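A.B. asks: Hey, can you work out the whole structure from these sequences and the hints?
Just so you know, the sequences run in chain order A and B. One point on numbering: in this note's numbering, the residue at position 190 of the first sequence is 190, and numbering is uninterrupted. With positions in the second sequence counted from 1, the corresponding number in this note's numbering is that position plus 1000.
Just so you know, the hints here were simulated from the structure itself, not pulled from any lab data. Among these hints, one or two may not hold up.
[Claimed, not checked] So the derived list for chain B, only partly shown, Cβ under 7 Å to chain A, looks like this: (1) 1088; (2) 1098; (3) 1100; (4) 1102; (5) 1115; (6) 1182.
Quick caveat, the model's predicted, so the values are computed rather than measured. All C-beta atoms, glycine included, are put in the ideal place defined by N, C-alpha and C.
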Amino acid sequence: MGILFEDGNFGLFRDGFLRTVELSAASAVLALLLGVLLAAFRVSPVPVLRTFATVWIEIFRNTPLTLLFFAVTFGLPRVDVHLSAFVCAVLALGCYTASFVCEVLRSGINTVPLGQAEAARSLGMTFGQTLVQVVLPQAGRAVLGPMSSVFIALPRNSAIAGAFNVAELYSVQQTLSERGYAIFAVFFWIALAYLCVSATVALGFRRLEHRPAVAR
Amino acid sequence: MTETADSGPRALVELAGVNKHFGALHVLQDINLTITQGEVVVVIGPSGSGKSTLCRTINRLETIDGGSITIDGRPLPAEGRELARLRAEVGMVFQSFNLFAHKTVLENVVLAQVKVRRTEPAVAEAKARALLERVGVAAQADKYPAQLSGGQQQRVAIARALAMDPKVLLFDEPTSALDPEMITEVLDVMRGLAAEGMTMVVVTHEMGFARSAANRVLFMADGRIVEENTPEAFFTNPRSDRAKDFLSKILHH
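C.D. replies: Structure follows, in structure tokens:
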């Protein structure tokens, strides 16, 4: 079990861990922004936007994440878009997760009573103001539980990036295995690191849920 | 601003030949109605008569299939920024209060002032506190709606509507979801507004309020305005059989 502290392995492990955290955080920000935007599109009165969001979700939610990584890593250079492996990974992970964020949020929007939006509109708020000021905050609160599942899955999904030239935690496992260390010891430390990341995300969401709840 | 005093009362809300269907149901049939500035119009009638729908068409929460609606001389615009601007001029108080559940009482009254009217937050807050004082819930300013009684919530809702300085206030059964002892506190606020000259359209089952505060009573049945009269004349001497039947059912029990 002491392999982590031999031969400068710790530096490798630490860098991989930080890369995973960076990758997850960047993808989470993208997923959240894009997911909220897609959810707004899905409930918008403009048919073109609704269709766009629906098609987006059907594509990204129904495609294996590995295929998305392939598409971004090898597809974009073909149309002369050259991005670093890290940015490619953020795009694939962010766009994929955004589709889940959108659908969770949309189910939350459906729990907000229609009267809330009617009251906002009757005060002269525009569609966008009604959504941002009144509907989405309440929808978000209603779906904190399922939303935490989406964001706990994200760092674990990020392991796929290791196969696409991002030196993150999972790729550290490959390197260490190749150096001939006992595979179970390597996996133990890697799994523990992922557990730390996931547990931190879960803890964050639990804290949000336990904020003074706003009952109706 | 000089209002021409000699031109008589100004027509604020005008409905002409308004028709609306919900599927096969013809909920509003050829409604013609003019509400002048400062007038308090109470709409009564059996449930399903279209009175709530009528109220909601005035700020286009319900669209209409035919006819026209004008607010202060301007036709009701289609969905969009123009409509939003007009809705800010037409206050609405709902049966189920519809206070923003995630905002405090004070924030409820401040929000639209800042977002729609672009009022400075400090100015909006001062105005909100003054309005909450006026409807008697100033002490609850920092609570959330769920922590208030129904009567308090409805008074906050009235303050929220008043914060926009509306030209006309629409009340859609404002006391129907309230316990009896809370009805009075809401009606007292509404009587106060009426006395100050606020133009009001009130859909209600409160006949006492209709008698004491209304300038005019509309009796609706089956999507039509069946009878229109002063409260005194309507309650003592209803002309139509529908109105007689309705009044006999609600006044003697």
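A.B. asks: Next, verify each hint and record whether it holds.
C.D. replies: Here is how each hint holds up against the structure:
| no. | hint | result |
| --- | --- | --- |
| 1 | 1088 | 3 Å, holds |
| 2 | 1098 | 4 Å, holds |
| 3 | 1100 | 6 Å, holds |
| 4 | 1102 | 5 Å, holds |
| 5 | 1115 | 5 Å, holds |
| 6 | 1182 | 18 Å, violated |
When each numbered hint is compared with the structure, a violation occurs for hint 6 only.
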